[in-house]
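Q: Sequence:
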Amino acid sequence: MADVHGARAGRSLLPAPARSGLLRGSFFGKADLRGQRIEGPRLPAPSAAGVGTLDGIPDPDAGEQAVALLRQLEKAEDDAELARRRARALAPFLVTAPKQGIVGSSKYADRLRKQVVEAARDAGRRVAARSWLRELKGEGNNLGRSATNLGPRAHGKPVLVFGEPGLQKSNVAALVHFGGRSRATPMAALDCSRMDSAGSELFGRGDRAGLVESLGDGTLLLKNLPPGLLPKLIRLCGEGTYRRATDAAEVAAAAAAAAAAGGPGALTSVDMPPDSVPPLRRARCRIIMTASRQVPQLDRVVNTIKVPPLRLRPADVKDLQRFYLAQAARQAGSGDATPRLAITPAALRQLESYGWPGNITEVAVVVERAVQQAGDAATQKGVRLTEEVFWFAKQAKDRFRLSLLAAYPPLRQLLRTSLWPDAINFKLTAYVYPLVVALLLWGPQVLRSDRLHNPMLTVFWDGWWPLVFVSFPLLGRVWCAVCPFMIYGELMQRWRTTTEMGLSWGPLRKWPRDSAERVGPAFLFSLFAAILVWEEVWDLPNSAALSGWLLIIITAGAVVFSSLFERRLWCRYLCPIGGMTGMFAKLAITEVRAKQGVCSGECTTYNCYKGGPATPPEGLESPGCPLYSHPAQLTDNRNCTMCMECLRACPNSSVDVRLRLPGADLWSGHTTSAAEVSLMFMLLGAVYLHSLPSLAAQLGLDPAALGLVGVTPQHMAVSVVVLAAPGLLAWGADAAGRSAALSAAAGASSYTSAGTGAGAEAVGGVTGLFAELASRLQAPEWGRTGAGGGSGGGAPPSATAVAAPFLSLSYGYMPLVWAATLGHYLRPLLAEGGRLLPISAAMVGWEDAQLPVAVADPAVITFLQGSLLLFGAGASAVLSRKLAAAPWRTFVPQLATISLLTVELWALILPH
97 MADVHGARAG
107 RSLLPAPARS
117 GLLRGSFFGK
127 ADLRGQRIEG
137 PRLPAPSAAG
147 VGTLDGIPDP
157 DAGEQAVALL
167 RQLEKAEDDA
177 ELARRRARAL
187 APFLVTAPKQ
197 GIVGSSKYAD
207 RLRKQVVEAA
217 RDAGRRVAAR
227 SWLRELKGEG
237 NNLGRSATNL
247 GPRAHGKPVL
257 VFGEPGLQKS
267 NVAALVHFGG
277 RSRATPMAAL
287 DCSRMDSAGS
297 ELFGRGDRAG
307 LVESLGDGTL
317 LLKNLPPGLL
327 PKLIRLCGEG
337 TYRRATDAAE
347 VAAAAAAAAA
357 AGGPGALTSV
367 DMPPDSVPPL
377 RRARCRIIMT
387 ASRQVPQLDR
397 VVNTIKVPPL
407 RLRPADVKDL
417 QRFYLAQAAR
427 QAGSGDATPR
437 LAITPAALRQ
447 LESYGWPGNI
457 TEVAVVVERA
467 VQQAGDAATQ
477 KGVRLTEEVF
487 WFAKQAKDRF
497 RLSLLAAYPP
507 LRQLLRTSLW
517 PDAINFKLTA
527 YVYPLVVALL
537 LWGPQVLRSD
547 RLHNPMLTVF
557 WDGWWPLVFV
567 SFPLLGRVWC
577 AVCPFMIYGE
587 LMQRWRTTTE
597 MGLSWGPLRK
607 WPRDSAERVG
617 PAFLFSLFAA
627 ILVWEEVWDL
637 PNSAALSGWL
647 LIIITAGAVV
657 FSSLFERRLW
667 CRYLCPIGGM
677 TGMFAKLAIT
687 EVRAKQGVCS
697 GECTTYNCYK
707 GGPATPPEGL
717 ESPGCPLYSH
727 PAQLTDNRNC
737 TMCMECLRAC
747 PNSSVDVRLR
757 LPGADLWSGH
767 TTSAAEVSLM
777 FMLLGAVYLH
787 SLPSLAAQLG
797 LDPAALGLVG
807 VTPQHMAVSV
817 VVLAAPGLLA
827 WGADAAGRSA
837 ALSAAAGASS
847 YTSAGTGAGA
857 EAVGGVTGLF
867 AELASRLQAP
877 EWGRTGAGGG
887 SGGGAPPSAT
897 AVAAPFLSLS
907 YGYMPLVWAA
917 TLGHYLRPLL
927 AEGGRLLPIS
937 AAMVGWEDAQ
947 LPVAVADPAV
957 ITFLQGSLLL
967 FGAGASAVLS
977 RKLAAAPWRT
987 FVPQLATISL
997 LTVELWALIL
1007 PH
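In terms of my numbering, the sequence shown opens at residue 97 and continues consecutively.
Certain hints may be false.
Listed next, the in silico DSSO-like pairs over lysine-lysine satisfying Cα-Cα at most 27 Å (straight line) [stated by the list, open to error]:
| no. | residue 1 | residue 2 |
| --- | --- | --- |
| 1 | 523 | 706 |
| 2 | 328 | 402 |
| 3 | 477 | 706 |
| 4 | 414 | 477 |
| 5 | 706 | 691 |
| 6 | 210 | 477 |
| 7 | 195 | 210 |
| 8 | 328 | 414 |
| 9 | 195 | 414 |
| 10 | 706 | 606 |
| 11 | 195 | 402 |
| 12 | 402 | 203 |
| 13 | 606 | 414 |
| 14 | 210 | 414 |
| 15 | 477 | 606 |
| 16 | 402 | 319 |
| 17 | 414 | 203 |
| 18 | 195 | 319 |
| 19 | 402 | 414 |
If you're looking for bench data, these hints aren't it; they were derived computationally from the structure.
What you are looking at is a predicted structure, and each value in this text was computed from that prediction instead of being measured.
All chains, please: the whole structure from these sequences, using the hints.
A: Here it is as structure tokens:
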């Protein structure tokens, strides 16, 4: 035998010490080459007579064993080098572990977990393996057939995981792999949308191996399946075989040969001669695929796992948000320092009611952004994330919206200056408002004639109060931006946060949101009711001193709560004027909103919400929204004062001021509230209360004889009844109408059943009239069947003919309430407000001064009042139809109530 080193010409895979030791015999130690152990000295060096001699006697077996061992070592190093190359090829595609389990407690989540466990255990794989072993124990000629038929089932049956985007299907695939015995093997993921049409990255090309071969016994995850590769994938999943893609050079050579022979000049691997087509190869890896929908062509060769969308399992939202909050907490701290993050019940309700088009991925992003937006406050003990920081509610469509800032760029520059509203508030109103209150308290106090001698009473009741109602449909809650009550609340907060004495009181507290949302509506409603009764019984419009005390009480509330809590807790939850302006702001034709996509993709500061320093390129220093609202999350105008802090703070030009259709909030996802509806009907009752003598005269009663004049208990009690009457009438009519509709649908001939009769008796004769009318108009609709159109008296009412719930439908009264209130104050505004100069002169004793006045003709005022009432009634009817989303006949009681209220308002407001 030639030189041992020539086993592979030109190089040896053994290091030099190993080679010299092997040739000297010391590599074998004391083992006899014949398999017997000896106790002699080490083997001598080889002689020229042969390799491996013992005492000069040649031993041929020793040389053969040495060569065999050398070849084994070289093969082992070749295999190691191949493994290293495959590891380098797999490195960019490896999946280390699942990110999370199947989170949720719904039946859908439980079923998904069972499917994952079954796929991980893979009963089909065990059956195929047992069959293969049985054939191995049988005849030898079955071996080839067994290896052929076993296919990929010996490595786990392929799996297709499909579902909508955002359902983390790749994570489900990882759970399948790491949940079974294959967890010790590698898993790689490949995005097929980035592959070439031949799939060379997957199958290999020429001499280069693809992922299928490099993985060995591992698992290959294929995402975004391309339709062009489906035939190859079907063969890979069904037979467990594949071909490498044809090398481009081979295709070009075959094309040239075909062209020289007169054949086609362009060939593909399919057109190539059979001896040039790459051979079939056996795939050892398991295939798992993900897709957005089921692939029928693969149904026969794969196990399918359908991941249900999140909208079908809202119960899992609670578990998902808790999981991602815990994940965010672990990132924020460690060990004992890990905070416990939680959300408020209101926030959870909104999360569960949202449709989640982005599914689980959207939940993760929403929770992460909520924690980031809340900042350090989220990690404080006892603080829970509120609904304002969750960015999931989609903006209403931008149809019928006009950007005022884009149409008139100087307006943007103006609103970003300190002129609005700070300069107006702290350089003008802060000094004028005390003078107004002082004149009300210490100015002329002529009984029942104060409005003829005290100009501030005229400014209050004939100017400011009517103009506030004029501003609602135009600018919404803009009054709150320049409200004098909160100016002194903000001055108190400045004193508390900048002076030594103020700092000694401790920092301003965070809002007790749960308590404020629970107690605030009742407090606001009760305070407003008390003010309205006070106004009527003590005749505040004609009493300057009492009007001054009314302003002082509201201002005191703002100052007290501002001294305790940050920002404008009083304005958002407790102020009676703020509650009214927030409600009517939903009718406005203007809105302040932000582009949600820009905020979600670009913003990292949230200064418009939290406040912060100036942020390039456009963000200015800002204290943040005074009502803790984010312009990208506003669904209505209720909690936007149009102070433009968000416009100044935004560095990305996301905030916009837009024109829109009047009342767009009411049909585009606004938040309904029973307290808000109650306040609305009470304000309508206040219009009737202002005309209480006329109302009594209509009934043939003497107000003075009944004690309805002056400060009497009867006057107070009747005032409360009148304030409640419109709301009770509207609710009673709606309840009676629905009862009549149900009776008609059940085949009742008239509204005479015991329960219905009791309901009609409870709401009075008028609502009984509505019920009878509703039963007659709705009976044909309820009794109609879907197909044949025959009588179906016993059938339940159809879903398409059912009006909206009363709470939602009652917002249809809002235009009438606004028009009636403004109509009542229109006469003082146009007939008395223009006499400010003569009244000011009378205050200083110049009674008969010939000063200019600006008053409208009584006929013009009457025309405007009548037009307002008709417009309000018509707008309420149209809005009710929009909110009901059902035929007119389904809410006849509400239409009848609107008509009845309008007729009565016409009789009370318009002079005769």
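Q: Run every hint past the structure and note whether it holds.
A: Here's how the hints hold up against the structure:
1. 523 / 706: The hint holds at about 26 Å.
2. 328 / 402: 23 Å, holds
3. 477 / 706: 19 Å, holds
4. 414 / 477: 21 Å, holds
5. 706 / 691: Measuring from Cα to Cα gives roughly 18 Å; hence the hint holds.
6. 210 / 477: 38 Å, violated
7. 195 / 210: 18 Å, holds
8. 328 / 414: 42 Å, violated
9. 195 / 414: 19 Å, holds
10. 706 / 606: 12 Å, holds
11. 195 / 402: Distance of about 19 Å is within 27 Å: holds.
12. 402 / 203: 14 Å, holds
13. 606 / 414: 25 Å, holds
14. 210 / 414: Holds, because 21 Å separates the two Cα atoms, which is no more than 27 Å.
15. 477 / 606: Holds: residue 477 and residue 606 sit about 12 Å apart, inside 27 Å.
16. 402 / 319: 15 Å, holds
17. 414 / 203: 14 Å, holds
18. 195 / 319: 17 Å, holds
19. 402 / 414: This hinted pair holds, its Cα atoms lying about 22 Å apart.
Hints 6 and 8 from the list above are not met by this structure, while the remaining hints are.
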